[in-house]
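Work the whole structure out from these sequences, hints included.
Number of protein chains: 2
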Amino acid sequence: MDLIGYIESKREEHLNELKELLRIPSVSTKSEHKPDIERAAQWIAEKLRAAGMDNVEIMPTKLHPLVYGESLQAPGKPTVLFYGHYDVQPAEPLDLWTSPAFEPTVRDGNLYARGTADDKGQVHIHIKALAALRKTAGKLPINVKVMIEGEEEVGSVNLWEFVKANRERLKADALIVSDTAMLTKGVPSITYGLRGLNYYQIELTGPAQDLHSGVFGGAVPNPITILAEMIAKLHDRNFRIAVPGFYDDVATVSRQELKALNSLPWKEKEFRRTVGAPALNGEKGFTIREQLWVRPTLELNGIWGGYLGEGAKTVIASKVHAKISTRLVPNQEPAKIARQVERQIRKLLPKSVHCKFEVLSMGKPWVAPYTHPIFQKAIHSLETGFGKRAVFIREGGSIPFVTQMHDTFKVPCVLLGFGLPDENAHAPDEHLALENYFGGIKAIALFYEQLATL
Amino acid sequence: MDLIGYIESKREEHLNELKELLRIPSVSTKSEHKPDIERAAQWIAEKLRAAGMDNVEIMPTKLHPLVYGESLQAPGKPTVLFYGHYDVQPAEPLDLWTSPAFEPTVRDGNLYARGTADDKGQVHIHIKALAALRKTAGKLPINVKVMIEGEEEVGSVNLWEFVKANRERLKADALIVSDTAMLTKGVPSITYGLRGLNYYQIELTGPAQDLHSGVFGGAVPNPITILAEMIAKLHDRNFRIAVPGFYDDVATVSRQELKALNSLPWKEKEFRRTVGAPALNGEKGFTIREQLWVRPTLELNGIWGGYLGEGAKTVIASKVHAKISTRLVPNQEPAKIARQVERQIRKLLPKSVHCKFEVLSMGKPWVAPYTHPIFQKAIHSLETGFGKRAVFIREGGSIPFVTQMHDTFKVPCVLLGFGLPDENAHAPDEHLALENYFGGIKAIALFYEQLATL
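Residue numbers (this note's numbering), protein chains in the order written: chain A, 16 to 469; chain B, 16 to 469.
Errors might be hidden in some of the hints.
Copies of the same chain are indistinguishable here, so a pair counts whether it falls within one copy or spans any two.
[Unchecked claim] Below 30 angstroms or equal to it, Euclidean Cα-Cα: the simulated DSSO-like pairs (lysine-lysine) are: (1) K248 <-> K362; (2) K299 <-> K366; (3) K366 <-> K284; (4) K284 <-> K371; (5) K282 <-> K366.
It is worth saying that the hints were derived from the structure and are not from the lab.
As structure tokens, this is what we get:
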């Protein structure tokens, strides 16, 4: 049976197997899910072995284990390193899911569960593509190294240690990643740019303990009010980030590139519908596409303080917390930006409160030189696998590892993403379109096949 | 045995009995504590009967029951109505209590537990004063009506219905309340002014669901940032409330009264130590005493939105919530202030978010005409019971019921408080000084005794 025919014949089997993986709540940010993380790693290792990978190992790290496997049976042929992650974001708020987050459910041609799009579904596409190639060709036409981590959603804290310690073993001619989204339904895409991510946490402390807002209100600092006043000063009227020096290193994007990005087939109306807000809100003077892909941001990701329960409690909080992140673009330097943000926070701080400022993670932005021939192979495989025209896009999200690999190994990174922007990655009702899951397996199998002639 | 000697002989018995009441977690804001509320009401009824009150009844309301009892055995003598509450604030955050909130513990001359100061300890002072009078004099020298509610911490939602339905029965020559604080340790006090309280909740909704802050960040409204920008505009640089019309109806306080209040024995240094913040923060142009007692406030009591958990989640929240309260002074009108606050919130609202604005409760401010002779009896009883000079003070907190009684029955309301400002009412480690608990029983017994000659 030919490669595509074989993959077509296995649709139901592939889908059922993916559902098994999605049922494991491998949430890496929460320590109570440690056993689920271990279970997911075991599952991945088992499927890699079943796909014919040799030397499959579960490598412990200081936090969550990494699964590694390789097939080096094609001497003289190119070697690729595939990277993915088996950990997922927390599913909260649970009550907003139509079907439970860890009970995969098909509705209207989509598979719903935490991790479908980000990134278990996409990892599974590669495992099944490799299995299909091996089955139909007898052996893999190229050399493949597979590395699936369990810490992507907590900033890949130990991944880099592993890469450095295994630098020789991991050497490859290209890095392949599927953790991004297609531009829109029916438009298979290769992502050539990612924003970097710095994540911060702030704690303000005013009164030494919570105080009665009647007895003390009017004379004491209220940390919630003060934090709000500080946050309000982090953007100007044009929604530019009001942190001195923040934009200093932002690289100019060529008119040609901007034109290409702005003329991609993309429906603003659909984007607005996906967002569902009464109006959009972005940096003045830039298109939505530019705001999302080539401009940096500063976003509040969480805030909490005082009484959060039912009804009324007349309290002035001692402490208030905020989680803040900045998305970075070339050539912003994460450590420099973190210093600038902290300096501005401390500058805005009134003397009536103390501030604890923590940098939870830092990550660089990345842009690929997509003239390398591997990108032509990738575009062609996507077009054949999906039967549609494929395009080059950028992405607003961050994959720190891509940047690190690019900087260290100096090899091309090819980001083939099969999610869609409205599939609620990181939110309730995350899902993956089945046509992209099945199309992805075909495209990836063809891509690995064609790499033999790179 | 004389009245004071009798009370002195019962110290241990009184304290042990109070501890029983404090062990019942009668938190009125949380529906899971309904059985504890019922248990506390039963306990109060039983002790009123033991103190010799007749016709003790537990009156059901739409929410939490009210305990009523009366002793009308002194024809021709004055009648007083005593009001208190047996419900308490939530104990959260539990981990900040030195000893558990509902396990009363004596340390350094203080009794620690939720409800010691607010208001179970003070209610118990009256119950034991009445019991002692009855025991030593054979019968009460005046007529007493006692009404202890279970909804004070949720805005006394059904109390007024009860009062209106029992208007004739509740008639009295004066209302006596002990739910306030003394100025400072060793200074027994009568409170003649209270601030009113309006409590609001705001919900902003931007995106229809939580969004990935990488994929969508930069082009969509972030409700947390927007709420912060709105909150920042609710005060001006001098910490005056920036709500048009807010101060229009604030009554002028005479220079004489301000002078009396500002010259009370009160140590700013101790206040600063109690607050424990790096610096104070209040409306410019007013003393701390004025900021707390005669000026209105707008305070943020709670805020929450986005990811509140451990670590990092790169999310843009769909919704953010805030709890806000305003403290009102004569002659601000609660309904008018609520309209002004809502109007300003809606004016500050950008078109990119929806806003739900709720008024959770409203309450008027109050000031007593303290020239009535009952206030002289009260001052004298306090001075005899405590052996110290007593003073007239105001309070920053609110007791909506006092205002309603004052407006309806046109009788003097005497607020004799035995708490202290640093006893953490509404916060972890709430406590009551034992010297004020024991002194209070003596002073109140003397006061009820002296009212026979009013």
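Status of the hints after comparison with the structure:
no.	hint	in the structure
1	K248 <-> K362	both (11 angstroms within a copy, 19 angstroms between copies)
2	K299 <-> K366	between (33 angstroms within a copy, 16 angstroms between copies)
3	K366 <-> K284	between (46 angstroms within a copy, 18 angstroms between copies)
4	K284 <-> K371	between (42 angstroms within a copy, 26 angstroms between copies)
5	K282 <-> K366	between (48 angstroms within a copy, 22 angstroms between copies)
Comparing the model with each numbered hint stated earlier shows that all of them hold.
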